[in-house]
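Engineer: The chain contents come next:
There are 2 protein chains.
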Amino acid sequence: MTERSEAAQTVDAFHRGRFFLVQPAAGGHRAGMDAMMLAASVPSAFTGRLADFGAGAGAAGLAVLSRCAGAEAVLVERSPEMMAFAEATLAHPGNAALHGRASILEADVTLTGRARVAAGLADNAFDFAIMNPPFNAGADRATPDALKRAAHVMEDDLFERWVRSAAAVVKPRGGLAVIARPEQLAELVAAVSGRFGGIEIVAIHPRADAAAIRIVLRAWRGSRAKLTLKPPLVLHQTGSDLFSTHADAITNGLASLFGD
Amino acid sequence: MTERSEAAQTVDAFHRGRFFLVQPAAGGHRAGMDAMMLAASVPSAFTGRLADFGAGAGAAGLAVLSRCAGAEAVLVERSPEMMAFAEATLAHPGNAALHGRASILEADVTLTGRARVAAGLADNAFDFAIMNPPFNAGADRATPDALKRAAHVMEDDLFERWVRSAAAVVKPRGGLAVIARPEQLAELVAAVSGRFGGIEIVAIHPRADAAAIRIVLRAWRGSRAKLTLKPPLVLHQTGSDLFSTHADAITNGLASLFGD
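Same order as they appear, the protein sequences are chains A and B. Heads up: the first sequence runs through residues 1495 to 1754, numbered per the working numbering. Heads up: the second sequence runs through residues 1495 to 1754, numbered per the working numbering.
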């Protein structure tokens, strides 16, 4: 962080000022709604250890800590530069109330077997894993910034490799949540099936009459329940640019996306 | 039909009396909302030949003819007993306006290659295929009636085999629509992917706060568009047992499920 100028970073308030994120001002992956909706997939009564895979500056993990008082979070990130932002985030005075329940682990979540364990991701070590994988398809857009590209561009079999690791580190009865694009639905469900059960999906629509822009999938180790499509989240009420009351509660840490 | 007593069949009005269905009173698969929602997936401006796979007494195929004046339908059914109901349906005086655009083909849609062609399902012979496969999982319920069981109980790889045949008989640029249960989402998308593109899915929820009970998938031969999750259909308005205005229009042949 010392090598970056003040102008290269921003400090942004989330959950109506209940926590703050230090993140790159321009390049890199800037956290926002996706991280908040992912974090909202964790039940409000959740207690235990949570892994935030590909945590970036820590937005989703901190959002879980902000809503779930009995949670601890390990922010797992492989990019040293983004890790530095996560460290700056935890050191920010506005996060003093959450700081003691968060830690940072530099690790590539796609490692397997002993290499994954050696990197600090032991089997059955977590009660929940959340992930916001770099899900923009490579051909979708040209991203000139290398850091931004690393965070956004999907590699082959990314869901398969990320979910495989999540299934290893999450305990029996533990949970998984993933945010993705609708077109990745089949690939994501295929990666999760057989490793987690009781898949629940919430589609996120910008407006009631528009196609979904994101899906959030949640599933549980050892569950044999069938896949369900939960009521969708509609962000904006018809004729308004403001968030609906429900969407506002979810993105501000006042409600769970799955109603629990 | 001559071997069945009068009491063994019913005549039910659909689309507010614009067509009628002769179907078994108790045993067998009685058509209803699923067939109407499947039929509603065909664009209102559709013209050409439509195949109704597993047509039963003809509910979905006739519902397409009722809404799409330029459509012709081939009702494909392998059960001789259900075929007899389809014949009685087409002979019913209340269907005189549609009768000339419908025909019946006794064939097993899971046949392949030359056997499928020999059964009357030639390659590239249709502009659209719709299917309401027997999608209740075998373990779900005990169905004492053999005819009902044949219509309802899902065999292994059923989507794969039905969609494979649909891909053979539908022309380039032609369409496919399938109604299924939410838990069959991944299996269905896997069967369709690579054969049809531009997958669109509408989830059908009984109420705004309830999980989906059905999905309707539509896709197109040769399309390279990505999968989209369309706005869901909510059948009942909050606090009412009546259908919403939109759901009522869709199930009565006055609107397309996909807004076209």
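Simulated from the structure, these hints should not be mistaken for laboratory data. Possibly wrong hints are sitting among the right ones.
The list cannot tell twin chains apart, which means a pair is met if one copy fits it or any two copies do.
Said to hold, decoys possible - Derived SDA-like pairs (lysine to any residue); straight-line CA-CA distance at most 20 Å:
hint : residue 1 : residue 2
1    : 1720      : 1681
2    : 1665      : 1504
3    : 1720      : 1684
4    : 1720      : 1680
Engineer: For every hint, state whether the structure bears it out.
Structural biologist: Checked hints:
1. 1720 with 1681: For residue 1720 and residue 1681, the Cα distance is within 20 Å both inside one copy (17 Å) and across copies (13 Å).
2. 1665 with 1504: For residue 1665 and residue 1504, the Cα distance exceeds 20 Å both inside one copy (36 Å) and across copies (55 Å).
3. 1720 with 1684: both (14 Å within a copy, 17 Å between copies)
4. 1720 with 1680: both (15 Å within a copy, 11 Å between copies)
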